[in-house]
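K.L.:
Now for the letters of each chain:
There are 6 protein chains.
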Amino acid sequence: MPKFKAAIIGGGSIAGKNHIPALKQLPEQVEIVAVCSRDAGKARALADQHSIPFAYADATEMYRECRLNMVVICTPNNLHYPFAMQALEQGCHVFCEKPPAIRASEAREMADLATQKGVVLAYNLQLRQTSEWELLMRCKAEGQLGEIYHIKAHFLRRRGIPGWGYFTNKAMQGGGALIDLGVHVLDLALCAVDYAVPANVLANTYDFIGKTGGKGLMGSWDPQQFEVEDAAMAYLSFPNNASIMLSASFALNTQTDVDRNLEVFGSKGGAKLFPFSLYTSVAGELADVNFPYLEDVDIQLKNTAAFVDACLGKPSNVCTAEQGAVLQAVVERIYESAKK
Amino acid sequence: MPKFKAAIIGGGSIAGKNHIPALKQLPEQVEIVAVCSRDAGKARALADQHSIPFAYADATEMYRECRLNMVVICTPNNLHYPFAMQALEQGCHVFCEKPPAIRASEAREMADLATQKGVVLAYNLQLRQTSEWELLMRCKAEGQLGEIYHIKAHFLRRRGIPGWGYFTNKAMQGGGALIDLGVHVLDLALCAVDYAVPANVLANTYDFIGKTGGKGLMGSWDPQQFEVEDAAMAYLSFPNNASIMLSASFALNTQTDVDRNLEVFGSKGGAKLFPFSLYTSVAGELADVNFPYLEDVDIQLKNTAAFVDACLGKPSNVCTAEQGAVLQAVVERIYESAKK
Amino acid sequence: MPKFKAAIIGGGSIAGKNHIPALKQLPEQVEIVAVCSRDAGKARALADQHSIPFAYADATEMYRECRLNMVVICTPNNLHYPFAMQALEQGCHVFCEKPPAIRASEAREMADLATQKGVVLAYNLQLRQTSEWELLMRCKAEGQLGEIYHIKAHFLRRRGIPGWGYFTNKAMQGGGALIDLGVHVLDLALCAVDYAVPANVLANTYDFIGKTGGKGLMGSWDPQQFEVEDAAMAYLSFPNNASIMLSASFALNTQTDVDRNLEVFGSKGGAKLFPFSLYTSVAGELADVNFPYLEDVDIQLKNTAAFVDACLGKPSNVCTAEQGAVLQAVVERIYESAKK
Amino acid sequence: MPKFKAAIIGGGSIAGKNHIPALKQLPEQVEIVAVCSRDAGKARALADQHSIPFAYADATEMYRECRLNMVVICTPNNLHYPFAMQALEQGCHVFCEKPPAIRASEAREMADLATQKGVVLAYNLQLRQTSEWELLMRCKAEGQLGEIYHIKAHFLRRRGIPGWGYFTNKAMQGGGALIDLGVHVLDLALCAVDYAVPANVLANTYDFIGKTGGKGLMGSWDPQQFEVEDAAMAYLSFPNNASIMLSASFALNTQTDVDRNLEVFGSKGGAKLFPFSLYTSVAGELADVNFPYLEDVDIQLKNTAAFVDACLGKPSNVCTAEQGAVLQAVVERIYESAKK
Amino acid sequence: MPKFKAAIIGGGSIAGKNHIPALKQLPEQVEIVAVCSRDAGKARALADQHSIPFAYADATEMYRECRLNMVVICTPNNLHYPFAMQALEQGCHVFCEKPPAIRASEAREMADLATQKGVVLAYNLQLRQTSEWELLMRCKAEGQLGEIYHIKAHFLRRRGIPGWGYFTNKAMQGGGALIDLGVHVLDLALCAVDYAVPANVLANTYDFIGKTGGKGLMGSWDPQQFEVEDAAMAYLSFPNNASIMLSASFALNTQTDVDRNLEVFGSKGGAKLFPFSLYTSVAGELADVNFPYLEDVDIQLKNTAAFVDACLGKPSNVCTAEQGAVLQAVVERIYESAKK
Amino acid sequence: MPKFKAAIIGGGSIAGKNHIPALKQLPEQVEIVAVCSRDAGKARALADQHSIPFAYADATEMYRECRLNMVVICTPNNLHYPFAMQALEQGCHVFCEKPPAIRASEAREMADLATQKGVVLAYNLQLRQTSEWELLMRCKAEGQLGEIYHIKAHFLRRRGIPGWGYFTNKAMQGGGALIDLGVHVLDLALCAVDYAVPANVLANTYDFIGKTGGKGLMGSWDPQQFEVEDAAMAYLSFPNNASIMLSASFALNTQTDVDRNLEVFGSKGGAKLFPFSLYTSVAGELADVNFPYLEDVDIQLKNTAAFVDACLGKPSNVCTAEQGAVLQAVVERIYESAKK
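Protein chains in written order, with our numbering: chain A, 1 to 340; chain B, 1 to 340; chain C, 1 to 340; chain D, 1 to 340; chain E, 1 to 340; chain F, 1 to 340.
Please note: incorrect hints may appear among the correct ones.
One copy or any two copies: either way a pair holds, since identical chains are not told apart in the list.
[Unchecked claim] Cut-off 35 Å, straight-line C-alpha distance, at most; resulting in silico cross-link-like pairs (DSBU-like, lysine-lysine):
(1) Lys215 to Lys17
(2) Lys215 to Lys140
(3) Lys215 to Lys42
(4) Lys340 to Lys24
(5) Lys340 to Lys272
(6) Lys42 to Lys24
(7) Lys117 to Lys215
(8) Lys268 to Lys302
(9) Lys314 to Lys17
(10) Lys215 to Lys3
(11) Lys211 to Lys302
(12) Lys339 to Lys272
(13) Lys170 to Lys268
(14) Lys268 to Lys211
(15) Lys268 to Lys340
(16) Lys42 to Lys302
(17) Lys5 to Lys340
(18) Lys98 to Lys272
(19) Lys268 to Lys117
(20) Lys340 to Lys17
(21) Lys98 to Lys117
(22) Lys140 to Lys170
(23) Lys268 to Lys5
(24) Lys98 to Lys215
(25) Lys272 to Lys211
(26) Lys215 to Lys268
(27) Lys215 to Lys272
(28) Lys140 to Lys211
(29) Lys314 to Lys211
(30) Lys314 to Lys215
Please keep in mind that the hints were generated in silico from the structure rather than gathered at the bench.
Here the structure is a predicted model, which means the values were calculated and not measured.
Next comes chain A alone, as it looks inside the complex (with noise of 0.2 Å):
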């Protein structure tokens, strides 16, 4: 079988430590041909390091070069949507990091074009990697949940506001903690309920600590460039019933460090993510059923692997371009929820 001819967009630190070693570890199947930056340097750079043989500051002159078949976005997150649309036009598959795009339309628009084009839109979404939670969908598939009726997602920062990179600007990320960090547990929060459509949101979003200053967990911000929220707060309502308490935070006036878990609450049994524990009922008595020997694995690989399998026709757990379009649009509605 012939391997994918796979380029790599954007030049930053995530191309450098999680794309390319990733798809390094799939010779077989996956061969990087080149890496495009408008930093030209960054490209060339990046490419040496890797020995990847070309190098790009055009996407279209790479395009002309190269005969792709694979492209992994992971530029801001405003690019996506452009970067996403030329590489589907010229027939690739399509990794791209998350969140999908800054607006629900782009992420639509993105996933009717893979399909039009019938080719492999994914996101880079690797909490669905842990075991925990392919135990929790193990559990689920078994019926150990019976109903999933509820769901609290959280992932809270106390101070952690990034003190690099443009991760506070709103026009290039096009939000703050929900966009960048809420979307991994909405995404798993989402799956929990086969990823339906929500039928009502409400939500808020917060600045005060952003906005304040100061010192943190992640190095100094600047209050002055602190443009997006600090925290949101989501409560999501499923025409099932079920229902979805949604919480990020990049800053909070809480105890821990980072708290990122999500529990799930089913008619037969309930589950807390990390550290995996189920809650449920044997031989008649309530029982917790804890996990000792849970493997700890290398999710990147393992999402990129997923992705793989997906350009390839295989079963895969990977976000896909139509859950990537629910999942825009849930953000979308938090945002315009909160903006009222």
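Following the hints, complete the assembly by docking chains B, C, D, E and F onto the known chain A.
P.N.:
Chains B, C, D, E and F alone, transformed into the frame defined by chain A:
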């Protein structure tokens, strides 16, 4: 100063174990004159046990024969309204068990009549008297929390559907986990936002476990007679952009037997109620402030004393008739949202 | 239904603190008519204390004067046999303290006579009534353990040689740690293998610490009067290839004050009794199942009730006469193996 | 003093990771001359990796060409005997991996030949070199334990059936959990009773989990190829009345991943090996003596050095040929008892 | 043997809760004949409550009317001296509450008079009766500590200024934290150096928190009436080069509510008192010896019995008149050093 | 700005592992020109290893040949004085290892010469650079501690007599535990009282364990060569009534391997250094303030940078020449008090 002449309406355990012993510890201010219960035997037994002169099965008769100016109501929820209205009409101060009533309109009428009659109507929401809540209110007053913008409040039992009483009877109780347990922490959460009226409410209620039946930590219950919600989830959004996430359950597949807590997030500091911790910065560093020597107090006694203080025109932190009307209205909006 | 007319034989603390209070809680089914003790004063005092009509120093006289149909025997071990035989001859149901007797042949005769007389003979091995053991039996019945093939059972005291009573008297007790403590967990272990008769037994007994004397956690003891084993170790192998490792001690240089436990190893799952944990696989992963809310129960009351149920012909998990005969035979084989 | 000229027989990981590095740290005393493995390529690679001059596929050729006086055997168990006999015949000191052999008669012959040839034959049972075991032996020597009369020894894995190598091959290994893991703690237990020969042995072996197959903590294994015991339980009784309870498993439904420990019970004190604690009396009170600063040592290096010391006629605590013969005989008696 | 005829002088809670109940448990040896308190009503009430025949407001009258030979003094500190001198003059054995007196010269005179009269004078320093202290003394006697050369002794309360009584009254108590709390651990520390007289003393006392006022763990106190030290720090150096660091506080900004402990450092071993641990070497390794089963004892009863033993001429570990004189002298030297 | 031209005097591990790496991380400000050690080979090796141009055995030659203006002294303690005086004479800034010198008069002379020459003399007491100490100083400056009146400072090793170097050589080191370890925490304690000069000092030193010999946690030591104190205890009293309790040991029969800490007691709050906790009142309640996210920093680098800042005339918290003179004087007074 003459003592208040008080009567107890309701002959259940909350009368005998909470209210009568508390009033008995305030002998300078209150004299319990009578007990009234539809079940004349119960009334008599209670009166005898606590050396209370009179026992009645009929309140009208009681008012006729005794010169009362204080009434404590500890009947099923659906009788709060009629007994309170009657007592207020008689010009008595009224200390009513929670929830205020079954319907928002009832609590509104009760508050209006109290105002009109110039007497005190207050509700027995005793968590306000915990050392932890009083400390939180002092921290708030001293500015240590800054502006409070988000609150997570929950009162969750894993398997705590009462196997006795009328807790699962919709007509008598008006609801389940929300109206019985949730009101306690909802009251505190509303205090934290100065009892503002929410702009929007989104909520869901559930009864999966209640309708299935089983054995719990408070006995076994009959799924056929389970007419209320076993869990209620709600999100409240306020005009000043503050928000509350509220969770209450009689039964939920979660870890802890009983988990009753409140987290408050403010612009300068955050706090968790049980055990009380303050999350803030001291000398430029993230600090956790703990209070290892907070006192365990008799919250019923303190709340009864707070009600009596209110009757005496002294400052008091008891839940007022106006607050009770707002609280009942919020409960009603949660149930209405859940019905949609 | 007429009540059983019961007598208590033995005037020690186990009569006054365990058996009489338990029977008194079953007033619908049992009426205690008499107490019998060689020490007439003790018999009288016990009867008076518990409002029991008659007291005897002579059992023959008691049978002559009272129409008994139930007897509870709580004498020193060497008197279990003669009193049980007499009671059975009288056509009484017999509830006998553990161990069944001193010799295997005695327990065999007792069982045979009970069968012949058509009455119930049962033994007071109350650990069967713990929530933990009942849960283990349910897990076994539901197949969660698969085939049970090995059991580790122990009842170890670090320094628990009783400084009172006749516990160290060989003639009266028949032995030491094994016959007094070990029988409790041996009974459970035998239940786990369906009370099979072992094919082979290998064992040793010791008395180093007992013969040295000293101060312990149950007072001081006299090494001169120490005639029994302070520790017994045994291995039982069964026809179906199952095996049991049994350890019992009054005194052993080990960590814990009292360590009483059972571990059961099966083909599908294993379990530890105190606190109860199940070791198995769930959804393909190694899982530890814990039961945080198991109830503490009054095991004496439950075991007495189980005996009464047996007398009434109802299902019961009390230790039967046949099981007692096997248990006594195993104890005897352990002592014989240790003598070689 | 001339150095020993040593050869390594066996080309697996235990040669490359344990024995060669240990010998290399004793350059004053030992020079590794050759590596011998049936697989010539492995022999060559190992020799090159460690700068060892010669590599052989044929031992006879090696003895002919190299003047050896020391041999380390790290082949599968069934080859210990032939290679050891050949080396002893050549007048070489022999350091052999555990277990000594497959059959008791082989280990006996090996010991006899070593005596006859006046050379050292020793076995690599390295737990003897832990700080904990050395401390236990010092406590024993100083009389702190008094007379040791009972030992509980176990080496239990929950799911540790190796998914690689020939560990489940009966012909090559001679057995499973007992001969591979159990021998380590059995050796220590026998040391504690001065390597007495047991008077009686009673034992059982099991293979329920091994024959079922599954995923474990050391990979997956093939139930079709599982020919050995996954668990062995044994009881040894000694002429001086001491006793040992031994448990070993590759797989068992128990709590801990790996539980390897020894408890020793003596007339004056008892001890647990990992972490080391002494249970005794001090100044008339029950005392637990803990040793918080015991050193972690390189037990392979220390055991290799102990073997070399023995070859130099110095005092040494290495497992001797005679001890090895007893150990193998006990293993054989356990397997024989289990077969009945 | 005739019983001692005893009187209690002082009518406060220490008489009623400590001394009278302890003496009542020694009915074979002591008969309480009278209670004496300046407050005649208190004396009467106490006598009635404990069935003591006589009550007096005037000690002279008491001695005239009752033939006493034992007196227990539990008055404010400033009255220890006059009442003890009077009792000794009457030829009574005297058991006096701590501290011995207010001034060193008083305690000296008291000891001299006791010697002259041939009666026992002893002080109620009950920590000597704890199981921990007795064990430490046994360890010292057995040589497990070698030569004791340094002791850290402290009795620190975080906020334990009593809100009642005369604890902050300089004239009545003679001082604060040192004389009330510090004497307990100072007595033990002096025992550890065989009650040697210090060569040098350097000390400081403080009253910052006492003079500020506030709410503590023993109520609120009045800073205006706070005349004593809230903390005392002292260093004692002995002729044999041993040294003691002593810290005592009613109030200190420290972590623990009450921290009362003693650390003893010797040439062979060291020990901490609560919980008792011995730090030494066993079998050549650093060892921590813990005593998990030390008994909780009634230290007042044991100390009263020790006083009675002394009166009977039996061996006793009660604090003697001579020791009390040294103790009081050390207290005085500490206060004098602090004044400089 | 021209860089400082620095030389390192002393060729031991503290030069190679602490000072040279720290200076190398400040390449903008400092250039290491030479290493000087009496052992020419050591000097050469160190210079080569760190690419330092010159190596000398003779400091005079070094000053002649190199134009130095900064010197770091890391020789044995007895050489601090001569090398520092020579360097200061040469007009160099001097960064000297602790303790400042052997005698108080030396440190005094050194400080005076530095003043006279107008250069910086500072000491390497790096605990000042811990995040914990800096936070304590900020709390003090912000008034959170009020007036500091007592300090407990200790640096205790259980068995930490170094088995190497000249740590037990009196002539070279000037003392033992106090001068080597105690100075670190004594320096901090003196900072807490604004480096006041004590009014009185009382102290003792010991050498029981050192003179006995043995095996410790830092190797074995030779009791014959043990000339210094293994433990020093001291009490300092200050003109403003503040006090310090100081304990230092190389060896002490205590629980912890190494216990290095400082407790500071002030009129408004108290603090413990490791881990940092503040004990105070918040909102009227006793509060413990913890700082869970304090950073681990490279204290050598920070202290070296602080010295360089001082040389550049910038604010700096490095230990000054004047403070060093006080510190040395206090050390001398402690030793003198102990000799009496």
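K.L.:
Please go over all the hints and tell whether each is borne out by the structure.
P.N.:
We went through each hint and held it up to the structure:
no. : hint             : in the structure
1   : Lys215 to Lys17  : both (26 Å within a copy, 31 Å between copies)
2   : Lys215 to Lys140 : between (42 Å within a copy, 21 Å between copies)
3   : Lys215 to Lys42  : within (29 Å within a copy, 44 Å between copies)
4   : Lys340 to Lys24  : neither (47 Å within a copy, 52 Å between copies)
5   : Lys340 to Lys272 : both (33 Å within a copy, 29 Å between copies)
6   : Lys42 to Lys24   : both (19 Å within a copy, 29 Å between copies)
7   : Lys117 to Lys215 : neither (48 Å within a copy, 41 Å between copies)
8   : Lys268 to Lys302 : both (30 Å within a copy, 31 Å between copies)
9   : Lys314 to Lys17  : within (26 Å within a copy, 40 Å between copies)
10  : Lys215 to Lys3   : between (47 Å within a copy, 32 Å between copies)
11  : Lys211 to Lys302 : between (38 Å within a copy, 31 Å between copies)
12  : Lys339 to Lys272 : both (31 Å within a copy, 28 Å between copies)
13  : Lys170 to Lys268 : between (43 Å within a copy, 24 Å between copies)
14  : Lys268 to Lys211 : between (44 Å within a copy, 12 Å between copies)
15  : Lys268 to Lys340 : between (38 Å within a copy, 25 Å between copies)
16  : Lys42 to Lys302  : both (27 Å within a copy, 33 Å between copies)
17  : Lys5 to Lys340   : neither (46 Å within a copy, 52 Å between copies)
18  : Lys98 to Lys272  : both (24 Å within a copy, 33 Å between copies)
19  : Lys268 to Lys117 : neither (42 Å within a copy, 51 Å between copies)
20  : Lys340 to Lys17  : neither (39 Å within a copy, 48 Å between copies)
21  : Lys98 to Lys117  : within (21 Å within a copy, 62 Å between copies)
22  : Lys140 to Lys170 : between (38 Å within a copy, 32 Å between copies)
23  : Lys268 to Lys5   : neither (47 Å within a copy, 48 Å between copies)
24  : Lys98 to Lys215  : both (27 Å within a copy, 34 Å between copies)
25  : Lys272 to Lys211 : both (33 Å within a copy, 24 Å between copies)
26  : Lys215 to Lys268 : between (45 Å within a copy, 14 Å between copies)
27  : Lys215 to Lys272 : both (32 Å within a copy, 23 Å between copies)
28  : Lys140 to Lys211 : between (42 Å within a copy, 21 Å between copies)
29  : Lys314 to Lys211 : between (47 Å within a copy, 32 Å between copies)
30  : Lys314 to Lys215 : between (47 Å within a copy, 24 Å between copies)
This entry does not satisfy hints 4, 7, 17, 19, 20 and 23, going by the numbered hints stated previously.
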